[in-house]
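Engineer: Chain by chain, the residues:
Protein chains: 4
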Amino acid sequence: MTGTAPAAPIGVGIVGYSFMGRAHSHAWRSAGAFFDLPLRPAMTALVGRDPEKARAAAAEQGWRDVETDYKALLGRDDIDVVDICTPGDTHPEIAIAALDAGKHVLCEKPLANTVAEAEAMAAAAERAAARGVRSMVGFNYRRVPALAMAHRLVGQGILGTVRHVRAQYLQDFLVDPEFPLVWRLQRERAGSGALGDIGAHIVDLAQHITGQHITGVSGTLETFIRDRPLAESSDGLAARPGEQRGPVTVDDAALFTARFDNGAIGSFEATRMAAGRKNAMRIEINGSDASLAFDFESMNELHFHDHTERAETAGFRRILVTEPAHPYMAAWWPPGHLIGYEHSFTHEVKDFIEAVAAGTDPVPSFADGLRVQRVLAAVEESAANASVWTRTDPEGAPR
Amino acid sequence: MTGTAPAAPIGVGIVGYSFMGRAHSHAWRSAGAFFDLPLRPAMTALVGRDPEKARAAAAEQGWRDVETDYKALLGRDDIDVVDICTPGDTHPEIAIAALDAGKHVLCEKPLANTVAEAEAMAAAAERAAARGVRSMVGFNYRRVPALAMAHRLVGQGILGTVRHVRAQYLQDFLVDPEFPLVWRLQRERAGSGALGDIGAHIVDLAQHITGQHITGVSGTLETFIRDRPLAESSDGLAARPGEQRGPVTVDDAALFTARFDNGAIGSFEATRMAAGRKNAMRIEINGSDASLAFDFESMNELHFHDHTERAETAGFRRILVTEPAHPYMAAWWPPGHLIGYEHSFTHEVKDFIEAVAAGTDPVPSFADGLRVQRVLAAVEESAANASVWTRTDPEGAPR
Amino acid sequence: MTGTAPAAPIGVGIVGYSFMGRAHSHAWRSAGAFFDLPLRPAMTALVGRDPEKARAAAAEQGWRDVETDYKALLGRDDIDVVDICTPGDTHPEIAIAALDAGKHVLCEKPLANTVAEAEAMAAAAERAAARGVRSMVGFNYRRVPALAMAHRLVGQGILGTVRHVRAQYLQDFLVDPEFPLVWRLQRERAGSGALGDIGAHIVDLAQHITGQHITGVSGTLETFIRDRPLAESSDGLAARPGEQRGPVTVDDAALFTARFDNGAIGSFEATRMAAGRKNAMRIEINGSDASLAFDFESMNELHFHDHTERAETAGFRRILVTEPAHPYMAAWWPPGHLIGYEHSFTHEVKDFIEAVAAGTDPVPSFADGLRVQRVLAAVEESAANASVWTRTDPEGAPR
Amino acid sequence: MTGTAPAAPIGVGIVGYSFMGRAHSHAWRSAGAFFDLPLRPAMTALVGRDPEKARAAAAEQGWRDVETDYKALLGRDDIDVVDICTPGDTHPEIAIAALDAGKHVLCEKPLANTVAEAEAMAAAAERAAARGVRSMVGFNYRRVPALAMAHRLVGQGILGTVRHVRAQYLQDFLVDPEFPLVWRLQRERAGSGALGDIGAHIVDLAQHITGQHITGVSGTLETFIRDRPLAESSDGLAARPGEQRGPVTVDDAALFTARFDNGAIGSFEATRMAAGRKNAMRIEINGSDASLAFDFESMNELHFHDHTERAETAGFRRILVTEPAHPYMAAWWPPGHLIGYEHSFTHEVKDFIEAVAAGTDPVPSFADGLRVQRVLAAVEESAANASVWTRTDPEGAPR
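Residue numbers (our numbering), protein chains in the order written: chain A, 22 to 420; chain B, 22 to 420; chain C, 22 to 420; chain D, 22 to 420.
Source of the hints: derived by calculation from the structure; they are not laboratory data. Be aware that a few hints might be false.
Note: identical chains are not told apart, hence a pair may lie in one copy or across any two.
[As the list claims (entries may be wrong)] Calculated lysine to any residue pairs in the SDA-like style (CA-CA distance at most 25 Å, straight line):
(1) K299 with A352
(2) K299 with D316
(3) K92 with A122
(4) K74 with L60
(5) K92 with A77
(6) K299 with P355
(7) K74 with K92
(8) K74 with G181
(9) K299 with I179
(10) K299 with A314
(11) K92 with T135
(12) K74 with L95
(13) K74 with D57
Please read these numbers as outputs of a predicted model, since none were measured by experiment.
Chain A extracted, bound-state conformation:
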């Protein structure tokens, strides 16, 4: 961290300032303080439709300027990167315009609400890459050190042949029937419910960690609570006459089974109705030589079983992923000192900047985001067809 010459700046504009905007802002502020970056992020402008709220957010989060339309970023020479933190329905327009304007793009997940939109975005990303413009979709959980370590172990061949994936993403904020009808519960804004919001993460992780693709699925969706109180943020939603409640148009819970390229099978579940599970993003992988298990509620731990050890001392070990030898962790605190959720974004920003500086394409790419979208679409299609097995790539040859 003692570079001789100061790093050149890279100008960043961010679109959106709520939950994801705060998380990304913290990352842009922090990455350079912990990692020796090749380019120094300049937090140049924050975009928000309401100028007063945007100004307050910019002051609070450390952004210099404020814009009320993302298009203003595209013409500014001091903006090199557009960071998109808005709901999924706005991603295609902003991302494609930014890429076409020559701005590197970091786009929150899910990439889009439909396969068609995601295809258009992936095509734009491919065009842009040919001109040296980079893009990345924000599956930040890949950069949780314990999950990056899981990926590394599979890559080292330590698991042998992967046979089982079981992945669950369990939350409980919809158990309360009076939780309001926010945009995440409306199909037009959010695309789908638990499936796209949190299921997307476990689909991406399962494919990323194992290095395999999901080729087909059998899906089941359920909405347990069919209407909810209208909320201030239920904008544009027509309540039924004489009622203050509106219909939930997305799934509360999604279950599906899957097969992977290499013959592995998987069991997936995403729900916001699992009372007591707050953010239990769990993934367990069994191979012929070893197994891994992770739960985001203990996000600094990776559980690992080496099946080739002598039986007397074999067992799942709790690896506290806080050693300098672990991904990203040399930059942080001494062993045993945990890091939090927000630094998955810090790592995302670090890797994004490094790729831009190196002139390489960062991952996960928009094509990776499209691949996730196809799995989600196949789950929905299967669920609508009595759970019948459904290919994720209907036209192509078996992957």
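Since the structure of chain A is already known, use the hints to place chains B, C and D on it.
Structural biologist: Just chains B, C and D, lined up with the frame of chain A:
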């Protein structure tokens, strides 16, 4: 335990003396020492085809006489109960004959290898019950105190509306490709693989604990290792010419999703290929008011979350199910002193004897066993039909 | 388990039939059914002062005869072993008389209530051993498979130099101020409180597992609740005039620090006032190369950290001590099927019988029991002297 | 977070820029982005002796100016706060000078290396407070939300009478005998070893959470590895002739027992030799009505047992301390999203700024730091006197 008059004897004959036979024998020896039974079990005869081995087993396990044919039990006046501990393909013949001969029957699970056999057995049990002859299928896990407590909590209404069941039964003894082709891997003897052997337990438990029935399923089966070394116990199996290996004809792993009567949805998995999981029979149930979680590898614990508590102190609590207030536990050691696997059978014997003495029908009944069999058959049918949704009761109205 | 000739019998008489008597009876009934014993235990006689209660207990637990005085056992030719399950104040008289009469003795812990008594017992055991008469003190926890495995790992040198022992035995049955003044709370009967009752176990285990002796201690004792309701079993105790409560004359809790032969240091705690801890007998050992941790509330698990592993995958592993490779476990169920508290006694009986048959001295010996007693006495002495460092062997050279 | 008028600035100068300096810098950068602060921290100057290194650190961490002597801060009008992040031997001079110059002081723990120094600092703090100048000692663990929640529960009376404290701070970085002789292993620089460095935290927490003071102790200290390789940072240390190793002059491990004001007893251990324990700062508190347990390696969890619940469902619950209802957490992410070690400092900064703005004295005060120092000194004195019981306040009456 200080009954004034000594309890009258009840004569027991056991068929089989391997793993299950030893577990049942221990239960017959122990039940009266911990519980104040209305009838005193007399361990009268053990049946085994090989007389020498049977004699050794009888001496070791405390059985007075030896027989080489189960039919010998049927004519003996000193036998009141026939306890069937043989592989599934022999259950129908023995159980029906014993019931027809007026003997109470305790039959190991799964009840049978097919729905048709199970139907015949359930019919025999119904005929017998009309004459005061009792029958029970050995889903012993219902009588693990932590799971009995789970059932009690649901019955007390503490969970509210049950919405999610996720159940897994994970073992790993087939990860080794040189594990031999024992009878459990042969369709003719075992009926199915992981599905029937261990999946049956989680199907029974899910229905028992929630008090709901599974109405339909979508299933996927997989056999990862298609042939294995022939074993001494691979009796009757034709090896392929010039080979010492034979084909595995059952599933290594089974995945399925399910719907219950009341609208709950479930995710199920049974496998013997989950490296590092030895006997991880896990079940988690989420209701509108509370949740439960259990893992057989920590069988004296029940994890419970009360969703109605104040947020400051809410969380899954680890209940050590060793208090006098817990099912069965007043008979055992002081709090915090664990009991083991084998006492699920001790409790089974206790409850069976009490039902016989009281003239009531014990549970799980053969009808309950049939219900499990129908779910397993629907999973197999779905798996054979591209995972399409399949009713568990094809003729009847929706349950 | 298929011995050609039936094993010869070994006649056993048991003194006492409450908690410990039931646990031992179960062990005498069960050992031969799981282990191939060189001598077959004949459960010949149970001794109890109240003949009616003794008869009921004998019937329930499987003892053939009843005696009302332990001395009757000494003259019987069909008694080879005397198993002492009475309170500590009666141990010296019974054990010494039995040994002098040529009976092998299994004596519950603690060996005695005072060092002087323990010395007399150890001397009697030494005299008896010279005549081929065997003795053993019942520190049953040594034979919990996970703790036997811990002992094996230290013996294999896997821990390197042991530096830290931290041992706690936490219970909570005295938190309730209305828990009555039973014999365990009276110095005359019990010798000491938590210190001798449960602290004795962790002192024995710490010395046994590490292979080191405690050379000195600094102790602190506390009695939080100084009087309690008189109970039926508060026999002989004079209540203060006009009150139904009597004084607690033993410790509720004991804390001490210790040094071992080899330079290791230890921290010990025994209490019955740790609300929520039911039987948390925990021991953690840190060596230069590896560490171990155990909690009796999860008695089938041993946690093990190998400090020589690469940092990427190092971590405490949870060994489920249920493999055939683990001590005692080849006799039991398939991996992942737990055993309970009571089988520590089954293993004790097995090893005792094997030693008697082989003509060797079983462990823990009465000398081992004396060594524990000296540590307990040093803790009491230190506590009475402002916690000043106190040698466990005041006369001898430093051990 | 939408204050109408922008908050006035508060100028901060920091002394030191290694481990603690980085942690504090992150906190100064972050506090205003998550909390609505009454004063806006202006990161004005960083002090470091080596100007080049200091400049690099300032650039990396976001400090505007650089100074090479802390005294330069004292005369600057744009500095309101001096944040001291240097080793303990420098604390008294800097803190007293800063307070006397009218600067608010945040001083890392331990307050000082000796009781005398701590007394002088506490006196300076008292003088300063009379003039409205604030001071705080950085026992940051008080502001880990789970531990703040523990404090709140005791304050709510939910534990009843506190009886037991068991606290351990276990690390393992000294297990390696080739770990060099850094300043933390030298008495002149560090004061003591594990005792002062990490033991200080558990002493402060035990007193803070319980609301009780430690009145006396019995201590034992040990240095397992007596010499180590000289390191670059072993400045000023005379190696023995012909050797490249120097003597370790502080403790590797410290054990002590304690009594509190209210009659509670405690067991404490601090060590850097517990192989496999990376930062296991554990504290368990047992009261008459409830118990608490915490382990820093799972720092977002608090384990809580309510002893007044019905036995059927009682058990230690794992509270994931990430709810808006929990201390500090309304500012962070949705439930189940963890925060890391560094935000204990973010919370420290927030509370410090709020106290300065409100004109109140923040806690922990220098007097609290002195109180910890007295306990540490009593442990050392006891250890030097055969562990004899030693009062923490030798002159005063029993507390």
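Engineer: Checked against the structure, which of the hints given earlier come out wrong?
Structural biologist: 8
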